[in-house]
Each structure stands twice: as structure tokens, then as C-alpha cells.
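Assemble chain B onto chain A, guided by the hints.
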Amino acid sequence: MQPGYDVVVIGAGPAGSVAARTTAQAGLSTLLVEKRQEIGAPVRCGEAVGRDTVARFISLDPKWISADVDHFRVYNALGDCADMPPLERTLVLERKIFDRELAHSAARAGAEVMVKARAAGFTQLEGGARGVQLVVQGEPREVRARVVIGADGTEAQTTRWAGLKSVPSLRQYYSAAQYLMAGIDPDPQVCQYHIGWSLAPGGYAWVFPKGEGKANVGLVISPDLAKGKTAIDYLNLFVDRLFPGRSVLAQMVGGIPVTNVLPRMVADGYMAVGDAAHQSDPLTAGGITNGMHGGLFAAETAIEAIRRSDASARFLGRYEERWDAEFGKMYRRLLRIRQALLKVPDDKLARMISEVARLDGRNMSLPKLVEIAFKTHPQLLIEVAPYFLGQ
Amino acid sequence: MVMEKNGSRVAQGSKKLIVDYDHCSYCGACVAVCPPDSIVLHDATLLIDAATCTLCERCIPVCPTGALALREAVDAAWV
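As they're listed, the protein sequences go chains A and B.
Start counting the first sequence at 155; every next residue gets the next number (the numbering used here).
Start counting the second sequence at 69; every next residue gets the next number (the numbering used here).
Check before you lean on any hint, since a few could be wrong.
[What the hints assert, rightly or not] So these bits of chain B aren't anywhere near chain A, every CB distance computed over 10 Å:
1) SER82
2) LYS83
3) LYS84
4) ILE86
5) VAL87
6) TYR89
7) ASP90
8) ASP111
9) ILE116
10) ALA118
11) ALA119
12) THR120
13) LEU123
14) LEU138
15) ARG139
16) GLU140
[As the list claims (entries may be wrong)] Heads up, simulated DSSO-like pairs for lysine-lysine below, C-alpha to C-alpha not over 30 Å straight-line:
17) B:LYS84 <-> A:LYS383
18) A:LYS381 <-> B:LYS83
19) A:LYS270 <-> A:LYS250
[Said to hold, decoys possible] Here are the computed distance ranges between Cβ atoms for each label pair:
20) B:ASP105 <-> A:GLU480: 24 to 32 Å
21) B:ARG139 <-> A:ALA479: 34 to 42 Å
22) A:GLN405 <-> B:ALA119: 27 to 35 Å
23) A:GLU280 <-> B:THR113: 29 to 37 Å
24) A:GLY181 <-> B:ALA119: 44 to 52 Å
25) B:ALA119 <-> A:THR277: 19 to 27 Å
26) A:ASP224 <-> B:ALA119: 53 to 61 Å
No wet-lab data here; the hints were simulated from the structure.
All C-beta atoms in this analysis are idealised placements derived from N, C-alpha and C, irrespective of residue type, glycine included.
For reference, chain A alone in the conformation it holds in the complex (with noise of 0.2 Å):
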């Protein structure tokens, strides 16, 4: 008789751990199961998060706070930067902590949680429920579970095994390369975004603090635009230009989807989450705290499913409607933004920087940064503007 679970999660990064967390603290049996030997690491993250939007799902705790910035400073590739407040107020996250406390999080909740155990694949039981096979330690097991919780990442088998995985285009599909850095002491209330296609072809460049003259230099790349470059090499161009010689502490690479989310992200019996359900923001490839509401209303959605005993893919489609409902409308925008951005000429788009940073940061208004972009590059609020007006 093999053991059964009400949802079982397949993987422990923050939407996992919200799933898994959320589904114990509802009273249903919850494994959550990490392939790697340590929860958090390695980290493949630029690490900020809009603090009230992280603070609805956890409590701000220091210990998990690199730093608190206030400020965007925008710059193009000629070093012209513009100041812009932030939607909300951004925290740099140590994402080794705050993974590991949110896994402690669903742990306290209830949720048994393991490491070094990876799932092999699925089986289709009866009654819509599902086997899972695990390699745990190196020993095959077999669960079964009412519905499983795909949170398995970027290079998930998950949607495969489900059958919804679907391929992101180069041009939807960011490559990732960032360090931590020592002794740049860059301005702690401020995270600077580089743009410039010359700099990061497709993407843009970032410079986050983490505290104590450290930061997280890194940046993301289309790798169709990338002319045989990697991404490494276009951060070791970026940081030979910005901070030469300076100490690396960490190397973090890795791969974002920027499609917006996958058409499907239900089956009988099964939900995809997080970088998994390609949930990242597709312009700014931003991850965490979507993939936490996506862990959060896919567990929703199992709780509801298992009081009905319908974990049905017709029935899940609940957890489809309420992420549309949610992040639709701002990710068929920002798709679109990125999509119009892209056609902008590289000196186009250094102008129309170094217009904005001649504002002063008083005279700094939508009908402002309208203006410029009108004058820079028209083409650009045509393709854009209709998304803002009623769409």
C-alpha cells in the first residue's frame, strides 16, 4: 500500500513552500519535496521583491532583508540615469533565508518536507488521482496524492509529464547572469536598472545593494539578439565598464520565461506553478511574489477540490480563471510594453533616457514621460497605448 497525501508539491522555492504551507494549515496532508540537498540554494534570482506585496505572505523579518530601497534609478547606456519612484517599496531579499523560512513556514503548518528527494514521474490512479514517483536519498518511492502541485521551476518535468508543457520562443525566453559583489558600495536605498541593447541585448542590466558594500550585478539577455554572445559575457563586458577589479562572491545563472503563462496550467489531478507555469512578469522576468499567489491560489483551488472530491482538470480550471482574474490583464500589458519596446532603435532608446533624466524629478509626470516618448520614438506609444486605453 503506498502512502497517500491529500497534495503533494514538487518543489520548495517560494511558490512551492506557499502551496505546500497553505494546503497544511487547511488541515489536508501536504508533502513537500525539494530535489536539491538544501532549500534556497543555489540561488538563480535577482532577489527584489515589493515589500508589501512579500509582506502579505510572510512577516518582513531582517534577518531575510538585504536591503530597503525607496529609489529606481534608470540609466542608458551613455550613464544618463533618471530617477523614478518605485510602484511600491522594494526589498533585496537573501534568498537562501527566505526560502528556507518559508519551507520552515509550510513545516510548522504541517507539511512534511524533504530534501534530496526528486520526482520521476507521474501515474494516473483511479478516481483522478495521481502516483508519484520519487527518487528520495537515492531510493525509488511511490505516493499517492489527490492532486499534485507543480512548483518544480524553470526546467520543470512536471507540465511535461502533465502534458502541458509548451516551448518558449528565444525571444521569450530570458538567459540570466548575475554576481555578488564586494566592495562597490553602491547607494543602499536605490536599485539601478541599465538599458541599452548594446549592454544587454533584448533585457536590461541591474545593479540591486545587498548591504555592507556588497550588490547583485547581474542582467538578462534575448539569446536570439545575443550575436553568439552568453550572458556571462555580456555581465563581464558590463561590470569591466562599471566596476573593474572588484571581488566577485558568487556566480548565479539561469533561465526565465517571459511568454506569459502556459495556455494550460491544469490537468486531472495536477497544477503548475510559479517559473514551472512560466509565471515570472514577462517584461521584467520578476518571479517570486507571482509565483507565491500562484502557489497560493493553486492551493486554494486543491483545498475547495478535495471538500468536493473533484481535482477534475474542468474543476481546477478555478485556479486558471483566478490567476487571469488577477495578473491577466497586467501580463497581456506588459507582453505587449516588452513587444514595442524591442522594435525601439538602440540610440532611440538612449534618447529618450537621456530626455527623462533632463526632468526634474518634481516634473516628473505620465503626461511628461508621455511627451518624450512621442518625440523619441512615436512608434512606441501607437503600438502601446491601446493597451492602456480599455483592453
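For chain B alone, kept in the frame of chain A given last:
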């Protein structure tokens, strides 16, 4: 010899997708863009299934560290 595999023409026995483990960071960026799902990331192991790989090369520019390349399979040092 050229043959059909998963709808693509493959020059069998001439080239092979190879991981350079001095560069690979096991981030899994390549996995998501592989149409035939020939790449699997375990904890710190990247596995390529040469039997299903169509040599489409989509994974090569996606790799942040440049760890993937097509090489002549006859070069024993790379196999």
C-alpha cells in the same frame, strides 16, 4: 548518414550535443527550450539524451555560461 528524427534531419554519427562541465552551473536554462525534452537537470547533473536530441541548437545561445556546444562525436576527448 542523414536520417529523420522527431521531424528533423539529423546527421547521425557526425555531431553531438556536449556539456562542458567546467562551465555548466546546473541552472536548467536549457531544459525549458528543448523541444524533444532531451535535457534533464537533476541536483547537480545535466543529462542529455543523445537518442532523442535533434541537434536543433536552441539550447546553445540560451546557456548563460556557454557550456553547450555541438562537437564532432568522433573527438573522444569530448564524448
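Against which earlier hints does the structure fall short, listed by number upward?
-> Per hint list: 8, 21 violated.
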